[in-house]
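A.B. asks: Chain by chain, the residues:
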Amino acid sequence: MTSPGISRQASFTGLYAFFATIIMLFGAFTSAMVVRRGASKDWVGVPRSQLLWVNTGVLALSSIAAEKARRDLLNGHRMRFNIGWAAATLLGAGFVAGQFAVWQHLRHSGVYINSYPGSAFFYVGTVAHALHLAGGWIAMFYLMVRALRLQLGPGRRTAVDVTAVYWHFLGVLWLYLLWLFWFWGNWD
Amino acid sequence: MNFLGRYIFSTDHKIIGLQYFILALIAAFTGMALSVAMRFHLSYPEAKVKLFEILWPNGAPGGVMTPELYLALMTMHGTIMVFFLLTTVPQGGFGNYFLPLQIGAHDMAFPRLNMLSFWTTALSFLVLCSAFVVEGGAPISGWTAYPPLSAVGPVAGPGLGQGMTIWVVSIALFSAGSLMGAINFITTTLELRAKGMSLLRMPLTCWGWFSTAIISLFAFAVLIAAGVLLLMDRELGTSFFLPAGLVINDKPIGRAGGSPLLWQHLFWFFGHPEVYIAILPGMGIISTVLATFSRKPVFGYKAMVAALLFIGFFGFLVWGHHMFISGMNPYSSIAFSVLTLIIGVPSAIKTFNWLGTIWGGSLHLTTAMLWALGFVSVFVTGGLTGIWLGQPALDLYFHDTYLVVGHFHMIMGVAAVFAMFAGTYYWWPRMTGRMLGETTGKVHFYCTFIGVYMIFIPMHFAGIAGNPRRYSDFSQFEFLRDLKMLHLGMTHAAFFTAAVQFLFLFNLLWSLRSRAKAPANPWRATTLEWATPSDEPPVVYRGAYEFSTPGARRDFRMQNEEEDTGT
Chain D
6 MTSPGISRQA
16 SFTGLYAFFA
26 TIIMLFGAFT
36 SAMVVRRGAS
46 KDWVGVPRSQ
56 LLWVNTGVLA
66 LSSIAAEKAR
76 RDLLNGHRMR
86 FNIGWAAATL
96 LGAGFVAGQF
106 AVWQHLRHSG
116 VYINSYPGSA
126 FFYVGTVAHA
136 LHLAGGWIAM
146 FYLMVRALRL
156 QLGPGRRTAV
166 DVTAVYWHFL
176 GVLWLYLLWL
186 FWFWGNWD
Chain L
-12 MNFLGRYIFS
-2 TDHKIIGLQY
8 FILALIAAFT
18 GMALSVAMRF
28 HLSYPEAKVK
38 LFEILWPNGA
48 PGGVMTPELY
58 LALMTMHGTI
68 MVFFLLTTVP
78 QGGFGNYFLP
88 LQIGAHDMAF
98 PRLNMLSFWT
108 TALSFLVLCS
118 AFVVEGGAPI
128 SGWTAYPPLS
138 AVGPVAGPGL
148 GQGMTIWVVS
158 IALFSAGSLM
168 GAINFITTTL
178 ELRAKGMSLL
188 RMPLTCWGWF
198 STAIISLFAF
208 AVLIAAGVLL
218 LMDRELGTSF
228 FLPAGLVIND
238 KPIGRAGGSP
248 LLWQHLFWFF
258 GHPEVYIAIL
268 PGMGIISTVL
278 ATFSRKPVFG
288 YKAMVAALLF
298 IGFFGFLVWG
308 HHMFISGMNP
318 YSSIAFSVLT
328 LIIGVPSAIK
338 TFNWLGTIWG
348 GSLHLTTAML
358 WALGFVSVFV
368 TGGLTGIWLG
378 QPALDLYFHD
388 TYLVVGHFHM
398 IMGVAAVFAM
408 FAGTYYWWPR
418 MTGRMLGETT
428 GKVHFYCTFI
438 GVYMIFIPMH
448 FAGIAGNPRR
458 YSDFSQFEFL
468 RDLKMLHLGM
478 THAAFFTAAV
488 QFLFLFNLLW
498 SLRSRAKAPA
508 NPWRATTLEW
518 ATPSDEPPVV
528 YRGAYEFSTP
538 GARRDFRMQN
548 EEEDTGT
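Chains as they are written, first to last, in the numbering used here: chain D, 6 to 193; chain L, -12 to 554.
By construction, these hints were calculated from the structure, which means they are not laboratory data. It is possible that part of the hints are untrue.
Said to hold, decoys possible - Heads up, incomplete: computed chain D residues facing chain L, CB under 8 Å, no partners named:
# : residue
1 : L96
2 : A98
3 : P122
4 : V129
Unchecked claim - Going by beta-carbon spacing under 8 Å, a handful of chain D positions derived as facing chain L:
#  : residue
5  : A15
6  : T18
7  : F23
8  : A25
9  : M29
10 : F34
11 : A37
12 : A44
13 : H82
14 : A125
15 : T163
Note that beta-carbon positions come from the ideal geometry of N, C-alpha and C, so glycine has one too.
Work out the full structure: start from the sequences and follow the hints.
C.D. replies: Below, the structure written as structure tokens:
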């Protein structure tokens, strides 16, 4: 949301409100998972794929690149911003592609959404996260194009900052989901 | 700007407010028509109605309503009224129109998001209504859509196939629209207030919208999560909500491990705050209207703000009182019961402060004021049975009887609708530049006021007599025979009340034809929406309710008046 007249502060307030609702969404999935696990004796864990760790690394690099680019823009280094931001966008796409690979891998090994309760939560959680990430990625891509057209600078950087903070938030959310699925979901 | 840009895909908060208002008006009359059809069937179960047959050839073969069609109408009535009327007018309609005006902002913080939020809501309504015309018709699970029956598909009954899927999609869309609105309301309230408009100078309407937006932000996300899981159970073969060993209509379902109670927890974690989403903006409207037409400041302004926030917060801790007889642990019932009864305290604070506001005031019984007084009446009437139902021992008996139906219609439905009427009669001059007919308005009020009491008070008696809800026909039950006349009375009261609503519609349309322009500030109110429009952003010098200040030359001072100009 970058229509003229919206203050920088208002954009961040809107973003933080959005965080609250995302937290509630994943909080609801989590509590459903806790209840579902406790309610029956059919819990057999959550599927694991080593590729998830690669994806985590890619997403972390993407976040770091976005953060560095954001700071470059603040300091007026437009060229470095362009490179860093494009790298972050590319890595972001890499993460989503990696998640697709994980789902493919699980499908080929016979793990579907209805295979067992843990797989159901895994698919729902990772797809929901990927959808939120896709929204952020569209914003990143749009900003990358605008930056290449020299439409951004130290004085016009709210959209970049908002998108970067959203991106970091989704990164932290991913770490939480990874913990929930990889560790909590498989504890005896 | 062309017609499309100005009136359809508008980003102007006033147009969007009116769009919400019109959408809700359509929804309200649709929902009302469904309730009239249901009441008709309850009292005349054998009657052949050509119209039913035309509308629902499968649901009413030969014009006689089947029990399944009755349940479908009930589901759609509840869903339409709760979402597209009670959630839509107070917040999306009045809130969009008046929040920016009252806090002196140019528009909402994110105008394009605002447009998107309206069109998502409108789409959601169309999707919901399409459930009537798909195979099997509308869902029959009630607006709470309890699994397992809502999760297994058409085997559980007509309407639980495509109709149920459409219902889930529609509600998810509605939730998304509401979330966008909530983000906009919160940001606007926090960031876009005019100079001098501190939070504690805001009119209570703004506090109502603000607290409602916070509740929406936390509640609707949980409903989306629940809806996604239900959809997975329905379409992709998971079992979040489906336990083992289910046999429905002689067909084994073949899933295992899920918990129907999980849905109830998730749903009511949203569902109970939803009640406050419907009523808190109304409470703000009522406070303003009572103060304006008593020519007195709101009694205990800060307590009113605190009570709103307190109700909003505690609304998230009481969902279990909908589940006392669900098999939940009785110890948690006690906790939910205590928390529920605690909400009576801020509700009572509000009620007594409303009485304190009108006490000793010089009452101007305009139509808006009558609706506001009516609101206090029905809010107390509906609230008292809340104290009964909040106790597990009593709820054990009352659960799923007509007492519950009477209770929530009174406190959530009728009270919120009265606040909408109060708001409409109060703000119509600002929204259209025309006054509504006061005589027509008063006839509308008195008829509706008497009408709703005649519908819903007998419902309480029927509930105490053990009359179960959600039944399409009582004629088979020996113990309900004596209630036949009571139900007949309710049915005719419902016909009467529904009929007088056309007076309201007539009043709206007639006023638009009138040539006489409304004065700029017809009610001599204090808040900024009545200030003379100006291109300069307003500056606020005082609180929202300065009526009859001792020593002042005029009995009200507007928030943007610097000195006592005394005109």
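A.B. asks: Look at each hint and say if it fits the structure.
C.D. replies: Checked hints:
About 28 Å separates the beta-carbon of L96(D) from the nearest beta-carbon of chain L, more than 8 Å, and the hint is not met. With its C-beta approaching chain L no nearer than about 25 Å, A98(D) sits outside the 8 Å limit, and its interface hint is violated. Contact between P122(D) and chain L, as hinted, is supported at the beta carbon level, the nearest pair being about 6 Å apart and thus within 8 Å. At about 6 Å, the closest approach between the beta carbon of V129(D) and any beta carbon in chain L falls short of 8 Å, and the interface hint on this residue holds.
Interface hint status for A15(D): upheld, as the beta-carbon distance to the closest one in chain L is roughly 4 Å, under 8 Å. With its C-beta approaching chain L no nearer than about 5 Å, T18(D) sits inside the 8 Å limit, and its interface hint holds. Checking F23(D) against chain L: minimum C-beta separation of about 6 Å stays under 8 Å; hint holds. A hinted interface residue such as A25(D) counts as satisfied when its beta carbon comes closer than 8 Å to some beta carbon of chain L; here the least separation is about 5 Å, so the hint holds.
Interface hint status for M29(D): upheld, as the beta-carbon distance to the closest one in chain L is roughly 4 Å, under 8 Å. A least Cβ separation of about 5 Å between F34(D) and chain L falls short of the 8 Å threshold, and the interface hint therefore holds. A hinted interface residue such as A37(D) counts as satisfied when its beta carbon comes closer than 8 Å to some beta carbon of chain L; here the least separation is about 6 Å, so the hint holds. Interface hint status for A44(D): upheld, as the beta-carbon distance to the closest one in chain L is roughly 4 Å, under 8 Å.
Here the hint on H82(D) is broken, as its CB sits about 30 Å from the closest CB of chain L, past 8 Å. At its closest, the beta carbon of A125(D) sits 4 Å from a beta carbon of chain L; the interface hint therefore holds under the 8 Å criterion. The interface hint given for T163(D) is broken, as the beta carbon of that residue sits about 13 Å from the closest beta carbon of chain L, more than 8 Å.
Violation of the numbered hints given earlier is confined to hints 1, 2, 13 and 15; the remaining hints are satisfied by the structure.
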